[in-house]
Amino acid sequence: MPGETVRDDLEMEYVLELAAAFDKQMRGHVVQNPDITFEDSNPLCGDKFKVSLKLNEDGEIEDVGFTGRGCAISRASAMVLIDEIQGHSYKDVDEVTRDMLIDELGIEINSAVRLKCAGLALRTVKTGLQKSGYKVTNAEEEDWAETD
Amino acid sequence: MIDTRDKILDTNSESLDVAAIRRDFPILDEVENGQKVAYLDNGASSQRPEQVINAMLEYYHKYNANIHRGVYRWSEEATRGYEGAHRKVARFINAYSPREVIFTRNTTESLNLVAYAWGRANVREGDEIVSTVIEHHSNLVPWQILAAEKKATLRYIPMTKTGQLDISDLNTIVNEKTKLVAFTHMSNVLGAISPVDAIVKRAKEVGAVVVIDGAQSAPHMPVDVQALGCDFYAFSGHKMLGPTGIGVLWGRRAILEEMPPFITGGDMIRDVTLARSTWNDLPWKFEGGTPSIAEGIGLGAAVDYLSKLGMDKVRQHEIELTAYALEQMAGIPDLTIYGPTDPATRGGIISFNLGDVHPHDLATMLDREAIAVRAGHHCCQPLIELLEATATTRASFYIYNTPEEVDRLVAALHKARKVFHLD
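For the record, the sequence lines run as chains A and B.
Residue numbers for the first sequence follow the numbering used here, so the first one is 1 and each next one is one higher.
Residue numbers for the second sequence follow the numbering used here, so the first one is 1 and each next one is one higher.
Derived from the structure by calculation, the hints contain no laboratory data.
The structure displayed is predicted, hence computed values, not measured ones.
It cannot be assumed that every hint is accurate.
[Said to hold, decoys possible] Lysine-lysine pairs mimicking DSBU-like chemistry, simulated, CA-CA at most 30 Å apart:
| hint | chain 1 | residue 1 | chain 2 | residue 2 |
| --- | --- | --- | --- | --- |
| 1 | A | K48 | B | K418 |
| 2 | A | K24 | B | K415 |
| 3 | B | K161 | A | K48 |
[As the list claims (entries may be wrong)] Calculated Cβ distances over 10 Å to all of chain B for the following chain A residues:
| hint | residue |
| --- | --- |
| 4 | K24 |
| 5 | G46 |
| 6 | D47 |
| 7 | S111 |
We put the beta carbon where it would ideally sit given N, CA and C, even for glycine.
With the rest of the complex left out, here is chain A (with noise of 0.2 Å):
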């Protein structure tokens, strides 16, 4: 059906411009003494995510950072995630859903390895306040959650 592929390439384009938007803005970019440091994996891929986040004195997150390797719906959804949390409070990131992310890569995800794909940055945001003693949802709860 040559209309839906015309779409599904106009859906990947999309999100392709984010992942190498996110491209640009990661290369290079160090977060001076970030005050969080965190790496998380998609244990069914490989693909590796690590944060650095620095905040301020009233919880702000002023700068992040992230390295690694991932697929273009994890790099196109860490971009969007970026945009939402940065110079926002920590707190704001409770609010962030991954389905959210999904919603501004205007994709249909069905698959459950992809919406993996798409929560790592999430998660690995999450999971690193959380372990640096910020009160936040438990990824991997949300994770279970939203694959069912």
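Position chain B against the provided structure of chain A, taking the given hints into account.
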């Protein structure tokens, strides 16, 4: 190239009648995104023919009961079906006796059985265990744990640039200290067939036990455990037309007799007193608890199906299809294909990367074309690191795959170059 295609489609007595085979697999008529699914993920799990599904249905519909010790017809028939499946598997791999055929859940459990039962009784501090850098995690992690527990050393046979096991240093790696050598018969990432004879010969010179991971070979080529000369051979039912939840460990009887049991409890005992227990005969000594009865019967039906086709023909079909695929894929710019290039030295597994497109993204695009492939590290992280990749996309063939499906894959890869801006 047309020659290769025609040869595969030619339904003479020398090759598989693929059209007839496909009629036994109704799932292959399922449509996704307006097209029949090209199922190219057989390395992960195959499909099952009607004959296998019906054998299991018949058990559930007509004689469902637990095996052994039931003195009524259903139980006796279930026992006959389940034990009969051991006999079929024994013939399929040319075991000396069905008593050497242990049903497990899968290859992973079979390999763990060897590591836990044989390994813990026989490996000591200072001993060496040998595996290889191309192994699936299931033939690597159990040995890591065993080595750590016993303070033994784990050594690895390396890989050549073309993805074959590099046995040039074999005499050093496998030495007088080596107690066990475990390696794959066929790489699940590269398709490379291992130099079994050379490794077994060296292992036997030093008196080491040989464990072969046959998860990718048993479904796709003739296997004769006597000719291979190994001591253990492990494989899974679900990769060879059988159901999930049933796998096989073949072991030499003398070794199995000496080994302590693995899972203990129901069905694996002879006598139990409050002070001590003795073990049932082989293979039941290693099949503790109610087994997967329907799945065992289903595996028996799968073995019947493959035996009827002839494993030589299965192998020949895959050599031809792989040769055709490699030819066609060689014409795609930016495509890196991993592993040996000669179809005679490899199975029907092709791992590749298209430019710097992430395999997950590529697989998602192929899914939209109704082409089912696998993307990721394929449970072989050390090997993927050696390939200097983060992951690969993998197409893997079986008896029902056709040159048309290869054509669809190739066309989709050309299209992917446009979608991902490689052209």
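For each hint, the structure was consulted:
1. The hinted pair formed by K48(A) and K418(B) meets the criterion: a straight-line CA distance of about 27 Å does not exceed 30 Å.
2. Restraint check: the Cα-Cα separation between K24(A) and K415(B) comes to about 26 Å, which is no more than 30 Å; the hinted pair holds.
3. Pair hint K161(B) plus K48(A) holds up; C-alpha atoms about 26 Å apart against a cutoff of 30 Å.
4. Residue placement check: K24(A) keeps its beta carbon more than 10 Å from all beta carbons of chain B (closest about 15 Å).
5. A beta-carbon of chain B is positioned within 10 Å of the beta-carbon of G46(A); the least distance is around 4 Å.
6. With a closest Cβ-Cβ approach of about 7 Å to chain B, D47(A) is found to fall inside the 10 Å limit, against its non-interface label.
7. Not every CB of chain B lies more than 10 Å from the CB of S111(A), the least distance being 8 Å, so the non-interface label is violated.
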